[in-house]
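Q: These are the residues of each chain, in order.
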Amino acid sequence: MTPNQFTRPIVWIHGDCLNPYGPALQAYPGAPAIWVWDDALLEEWRISLKRIVFMYECLLELPVVIRRGDVATEVLAFAREHAADGIATASSPSPRFRAICDRLRNELPVAVLPVEPFLAYTGRLDLRRFSRYWATAEKYAFGQKPLFDDQ
Amino acid sequence: MSSNMRRDFASRDELIDYLRREFPQAAARSGEVSATRGGRREAEARLQRIDPQRYAATRNYLDGAVTHLSPYIRHGVLSLAEVRDAALSRVRRPADAAKLVSELGWRDYWQRLYERLGDEIWRDQEPYKTGYRASDYASELPDDIIEGRTGLACIDAFSRDLRATGYLHNHARMWLAAYVVHWRRVAWQAGARWFLEHLLDGDPASNNLSWQWVASTFSHKPYIFNRENLERFTNGIYCRTCPLYGRCDFEGTYEELHRRLFPNATGNAG
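Just so you know, the sequences run in chain order V and Y.
So in my numbering, spot 12 of the first sequence is number 19, and the numbers just go up one at a time.
So in my numbering, spot 99 of the second sequence is number 1303, and the numbers just go up one at a time.
In isolation and in its complexed conformation, chain V is listed as follows:
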């Protein structure tokens, strides 16, 4: 999916990207945006009040409508309210995120936009142990600046 493919999108904000400079808000500034408290997940994970307060404070600094319930149902209802032609959101490794995106796609196209990568590298990484990962990743983990450039 490429950004700016929609003319009337909504933005779905989720818990892995509570950032005013996140990719979906950047791609579609001014688009209606929604957060949905996932009531089932809050109970499944027994999330404590302090975690809810922390996240709510993050949300209050974002241009976002806050609702609760079943996430896909609420996001789609919000999209219908705004006659949206697509949903933009930030990427997440969470399997629940993927399942929600699948449900959203039954009704509307979804653009999952990548957050700024930590590694300037897209090749293969051995994930069997951190040491194996880092043996390759370290060379790319220092951004545009070369590692140990004074040596």
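Simulated from the structure, these hints should not be mistaken for lab results.
Any given hint might turn out to be false.
[Claimed, not checked] Example chain V residues on the side facing chain Y (calculated, C-beta under 10 Å, incomplete):
(1) F13
(2) G29
(3) F61
(4) V72
(5) A90
(6) D92
(7) G93
(8) P100
(9) L111
(10) E114
[Unchecked claim] Pairwise CB distance ranges (calculated):
(11) D1217/Y with A142/V: 45 to 55 Å
(12) G1450/Y with Y128/V: 46 to 56 Å
(13) A1239/Y with G130/V: 40 to 50 Å
(14) R1297/Y with A142/V: 20 to 30 Å
(15) E1218/Y with D46/V: 37 to 47 Å
(16) A142/V with S1293/Y: 41 to 51 Å
(17) D109/V with R1464/Y: 25 to 35 Å
(18) G1322/Y with P124/V: 12 to 22 Å
(19) G1322/Y with E114/V: 15 to 25 Å
(20) D1300/Y with D109/V: 43 to 53 Å
(21) K146/V with E1218/Y: 42 to 52 Å
(22) L67/V with S1293/Y: 27 to 37 Å
Glycine residues also receive a C-beta, built at the ideal position from the N, C-alpha and C atoms.
Put chain Y on the given structure of chain V with help from the hints.
A: Chain Y only, in chain V's frame:
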């Protein structure tokens, strides 16, 4: 369709009162609120204060110069790349920020594994290397751990801090996790669920895989510690007041503790 929740609050207390009413089950389970405030403004203020060189020298001490950025990174309020760039801008040579960057690498690593594992992240990735089978571990946390009344001053303080603040220093997490899994023989999943409930930075990726690393279901050997190690990195703040000092469960060399905890294990202590 649900109605919009409120966005206008005169104070933090008003917000908290509102959330207690809106989320009564969460408040009943654990009504504490952390002093750590959410939001990008607070995250940026904390980012300004990081000191990569002091971090590298002191991070294993409970009063070391750790960044306290993890809740903001966990929720993407700050990206790993942003934190890395800020760290590099604070040092003369990139090597001076290498420790902090490698710790950011751990989060990137856990996230990549989570992408691959999905809900399998709740399953043992490998057998325990403790000489015990998975079925030898209890499935629920004992109440004395949850309520902070084991009698061990350090463990009880960590338990209370977790509940009250939603934060534990990384070393305290490792000690507490090792105590739960190896001293009390409780399955790491029970501890991981407890941490996810309370930690402001709670995330199945870093949380579950770190528990598995301690448990030895995602490492070559179980992680354990002894009283000397804990006393050193806490500057003795718990041991000084502990009624069990000198005779607690953590006394002994690593070799002695390994033999005591894992009598049927093959392999070395460490």
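Q: All the hints need checking, so say for each whether the structure fits it.
A: Okay, the hints, checked on the actual structure:
no., hint, verdict
1, F13, "21 Å, violated"
2, G29, "7 Å, holds"
3, F61, "4 Å, holds"
4, V72, "6 Å, holds"
5, A90, "15 Å, violated"
6, D92, "19 Å, violated"
7, G93, "19 Å, violated"
8, P100, "4 Å, holds"
9, L111, "15 Å, violated"
10, E114, "14 Å, violated"
11, D1217/Y with A142/V: 45 to 55 Å, "50 Å, holds"
12, G1450/Y with Y128/V: 46 to 56 Å, "51 Å, holds"
13, A1239/Y with G130/V: 40 to 50 Å, "43 Å, holds"
14, R1297/Y with A142/V: 20 to 30 Å, "22 Å, holds"
15, E1218/Y with D46/V: 37 to 47 Å, "23 Å, violated"
16, A142/V with S1293/Y: 41 to 51 Å, "26 Å, violated"
17, D109/V with R1464/Y: 25 to 35 Å, "50 Å, violated"
18, G1322/Y with P124/V: 12 to 22 Å, "21 Å, holds"
19, G1322/Y with E114/V: 15 to 25 Å, "24 Å, holds"
20, D1300/Y with D109/V: 43 to 53 Å, "45 Å, holds"
21, K146/V with E1218/Y: 42 to 52 Å, "50 Å, holds"
22, L67/V with S1293/Y: 27 to 37 Å, "28 Å, holds"
Checked against the numbered hints given earlier, the structure breaks hints 1, 5, 6, 7, 9, 10, 15, 16 and 17 and satisfies all the rest.
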